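Read off the chains here:
There are 2 protein chains.
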Amino acid sequence: MKKYRVAVVGATGMVGRTFLKVLEEKNLPVSEYVLFASSRSAGKKLSFMGSEYTVQELNKHSFDSGFDIALFSAGGGTSKEFAPIAAEKGCVVIDNSSQWRMHEDVPLVVPEVNPEDIMKHKGIIANPNCSTIQAVVALKPLNDKYNIKRIVYSTYQAVSGAGVKGYQDLENGAKAFVNGTDYELQKFPYPIFSNCLPHIDVFQDDGYTKEEQKMIDETRKILHDDSLLITATTVRVPVFNSHSESINVEFYNDYDLDNLKAVLKNAPGVVLMDDPAHEVYPMATISTGHDEVYVGRVRRDTSAESAVNLWVVADNIRKGAASNAVQIAEKLIAYWEK
Amino acid sequence: MKKYRVAVVGATGMVGRTFLKVLEEKNLPVSEYVLFASSRSAGKKLSFMGSEYTVQELNKHSFDSGFDIALFSAGGGTSKEFAPIAAEKGCVVIDNSSQWRMHEDVPLVVPEVNPEDIMKHKGIIANPNCSTIQAVVALKPLNDKYNIKRIVYSTYQAVSGAGVKGYQDLENGAKAFVNGTDYELQKFPYPIFSNCLPHIDVFQDDGYTKEEQKMIDETRKILHDDSLLITATTVRVPVFNSHSESINVEFYNDYDLDNLKAVLKNAPGVVLMDDPAHEVYPMATISTGHDEVYVGRVRRDTSAESAVNLWVVADNIRKGAASNAVQIAEKLIAYWEK
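So the protein lines, in turn, are chains A and B.
According to the numbering used here, the stretch in the first sequence is residues 1 to 338, in order.
According to the numbering used here, the stretch in the second sequence is residues 1001 to 1338, in order.
Source of the hints: derived by calculation from the structure; they are not laboratory data.
Hints should not be assumed to be uniformly reliable.
Taking lysine-lysine pairs in the DSS-like style, the calculated list, with each CA pair at most 27 Å apart, reads [to be verified]: (1) A:LYS26 <-> A:LYS89; (2) B:LYS1338 <-> B:LYS1002; (3) B:LYS1261 <-> A:LYS210; (4) B:LYS1265 <-> A:LYS210; (5) A:LYS149 <-> B:LYS1149; (6) A:LYS2 <-> A:LYS331; (7) A:LYS165 <-> B:LYS1175; (8) B:LYS1122 <-> B:LYS1338; (9) B:LYS1175 <-> A:LYS175; (10) A:LYS187 <-> B:LYS1175; (11) A:LYS261 <-> B:LYS1210; (12) B:LYS1210 <-> A:LYS265; (13) B:LYS1187 <-> A:LYS175; (14) B:LYS1187 <-> B:LYS1175; (15) B:LYS1187 <-> B:LYS1045; (16) B:LYS1089 <-> B:LYS1338; (17) B:LYS1003 <-> B:LYS1089; (18) A:LYS3 <-> A:LYS338; (19) A:LYS45 <-> A:LYS21; (20) A:LYS265 <-> A:LYS26; (21) B:LYS1021 <-> B:LYS1331; (22) A:LYS175 <-> B:LYS1165.
In silico negatives: residues of chain A with every beta carbon more than 12 Å from chain B [unchecked claim]: (23) ASN27; (24) LYS60; (25) PRO141; (26) GLU337.
Every value quoted in this text rests on a predicted model; they were computed, and no experiment measured them.
Glycine included, C-beta positions come from ideal geometry on N, C-alpha and C.
Model the full structure from these sequences, guided by the hints.
What follows is the structure, encoded as structure tokens:
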């Protein structure tokens, strides 16, 4: 089996470090990893694969030496500038930013959902938004069987999705509560400790946030159905890691509840965790550290003709970002090896 | 003006103490307050209205001395046993438990929504569930104008709704996180610090919790429309006080978004707080300590014919319990004075 050269761009951020952890677990056929970051973080030493790696400064010649795959998690600006440069040198970029997701030449991929889109790439494959990934893993098997008409998303999103500074705002808020000290917010416009902020990413003119618009647009693109009716309210909650989602779904087809649960139980990447009599349901504390999407509270919604309520929880840094991107890399290599 | 004798039953609990605080603020025409609690709390001294009150033990003769109004917040068992006794003695019970809410002879009242139901009482008036109260304050004016067809509720509920022990679970969880100590859960089946529990009150056979069923049943009863299509997912979040709610509403009538916002702005008990361009939206930190229901993130939902998304936040112990009950008492006295 061929071995591949892989670049990790944005290796020092919260998602970047989880990329490294997931890569260590997965054992891809890689001959060499090179870690890149902005000039600010270049020169840092990172422990990875049992060795010490020095982070290289990302510049327009970074990809001249020939990479097969580059995993980008360095923000939209970096992806906008450097992903096309990498692609032009023959490297396939798997990009975790929102920069290329809705571009028509860029496949937007969740490996359990639309792996067939991977090989349509023209040098860039986009990793979807964290809140979309976990939703579509649960919704895809239901859409295949029952034909989704409409989705109402309400999210409960962890601070880790806002990076290290978001994490610090919750940590410092907890410390201030316990110790009676003051602190300054690093990331959020208001305290997140003991509070819910109905505000993720920036507001658009129509009153929706970009996060809400991403869930709408990306769900349609990944499920290949622009006619899907979708709305979303995305909310930051005082949870360190793992997003929870209350999802109300209306289908065109009738369903039997036991069959629907069986569909979820057998779906790739899904763990059905639904035994209310024994207080078994998905929670952030359960999903954190895992790559599966946990689904529970599956109930018939009698307020619409053929509708169901779901509670969907996943680790937003792993399945919502790093693990999904590495899974795309695995699939890509598997296609190359065919 | 006549002065009334008022009993406060369950004065020592979290909601009971807020009852006392709200009564101090409201200055009702009361000749005498008597505070009652179970034998466990009887004898306690409480500071109230500038004096020290000794809490009396509640028993079947407690109402023999003649009360005009009794504010009950002592749990369903106490209300089941003692509210009929009080009512039989000519006292009007305003009951904060779920015990009598769906009883056909018991009005379920939110003063801004259905004050006309108060005088239909036969001795007991029920205070709705906290999560329902704030929802219907926002929905009533919209229902009057646009005729609600369907409601999808997803809630973000504070631990104070689970009483002192619920509060302690979050407090102890925060302390354990900061200090690295261990703690034992007092109330919830799982840690609530940095976690969301899709589980409030007990589970029914159909997979819904009683809390979810309450929101469905009570919304219909208060809005006088059993044909309303409603579903709910109720979730406990790590917030000390004030519930937030993501509410998706479909109307039979068309609406204009500016007009709909004006309807909310002019609605009794509602504060429209909706200026996303300036990061103005309702949050638990804003509503706590106030009696108003804060509504924001008002957006057209294009996924259904005439639908809107709302974000509704209120103090669940004040408007969701104590203040609403005291407002019922105020209205009751006003009817008597007519």
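Structure-based check of all given hints:
Taking the CA atoms of LYS26 of chain A and LYS89 of chain A, the gap is near 26 Å; set against the 27 Å cutoff, the hint holds. A hinted pair counts as satisfied when its Cα atoms are at most 27 Å apart, and LYS1338 of chain B with LYS1002 of chain B qualifies at roughly 12 Å. A hinted pair counts as satisfied when its Cα atoms are at most 27 Å apart, and LYS1261 of chain B with LYS210 of chain A qualifies at roughly 22 Å. Distance hint between LYS1265 of chain B and LYS210 of chain A is fulfilled; the C-alpha atoms sit about 26 Å from each other, no more than 27 Å.
Distance restraint check for LYS149 of chain A and LYS1149 of chain B: the Cα-Cα separation of roughly 18 Å lies within the 27 Å cut-off, and the hinted pair is therefore satisfied. Taking the CA atoms of LYS2 of chain A and LYS331 of chain A, the gap is near 15 Å; set against the 27 Å cutoff, the hint holds. This hinted pair checks out: LYS165 of chain A and LYS1175 of chain B have alpha carbons roughly 21 Å apart, not beyond 27 Å. At most 27 Å may separate the alpha-carbon atoms for a hinted pair to count; LYS1122 of chain B and LYS1338 of chain B meet this at roughly 19 Å.
For the suggested pair LYS1175 of chain B and LYS175 of chain A, the alpha carbons sit about 8 Å apart, so the restraint of at most 27 Å is met. Only pairs whose Cα atoms come within 27 Å are accepted, and LYS187 of chain A paired with LYS1175 of chain B is accepted, the gap being roughly 23 Å. With a C-alpha separation of about 22 Å, the suggested pair LYS261 of chain A and LYS1210 of chain B falls inside the 27 Å cut-off, and the hint holds. Straight-line distance between C-alpha atoms of LYS1210 of chain B and LYS265 of chain A comes to about 26 Å, which keeps the hinted pair within the 27 Å bound.
Simply put, LYS1187 of chain B and LYS175 of chain A have alpha-carbon atoms about 23 Å apart, close enough for the 27 Å limit, and the pair holds. Distance hint between LYS1187 of chain B and LYS1175 of chain B is fulfilled; the C-alpha atoms sit about 16 Å from each other, no more than 27 Å. Distance hint between LYS1187 of chain B and LYS1045 of chain B is fulfilled; the C-alpha atoms sit about 26 Å from each other, no more than 27 Å. For a cut-off of 27 Å, the pair hint linking LYS1089 of chain B to LYS1338 of chain B stands: about 23 Å separates their Cα positions.
With a C-alpha separation of about 18 Å, the suggested pair LYS1003 of chain B and LYS1089 of chain B falls inside the 27 Å cut-off, and the hint holds. Proximity of LYS3 of chain A to LYS338 of chain A is assessed by CA-CA distance (about 14 Å); at most 27 Å being required, the pair is judged to hold. Proposed proximity of LYS45 of chain A and LYS21 of chain A is supported: the alpha carbons are some 15 Å apart, at most 27 Å. Among the hinted pairs, LYS265 of chain A with LYS26 of chain A is consistent with the structure: their alpha-carbon atoms are about 24 Å apart, no more than 27 Å.
The hinted pair formed by LYS1021 of chain B and LYS1331 of chain B meets the criterion: a straight-line CA distance of about 19 Å does not exceed 27 Å. For the hint linking LYS175 of chain A to LYS1165 of chain B, the alpha-carbon distance of about 21 Å falls within 27 Å, and the restraint holds. Every C-beta of chain B lies more than 12 Å from that of ASN27 of chain A, the closest at about 31 Å, which supports listing it as non-interface. For LYS60 of chain A, the condition that its CB be more than 12 Å from all CB atoms of chain B holds, with the nearest at approximately 37 Å.
No beta-carbon of chain B comes within 12 Å of the beta-carbon of PRO141 of chain A; the shortest separation is about 19 Å. With a least CB separation of 41 Å from chain B, GLU337 of chain A remains clear of the 12 Å interface cut-off, as annotated.
Hint violations for this structure: none, all hints satisfied.
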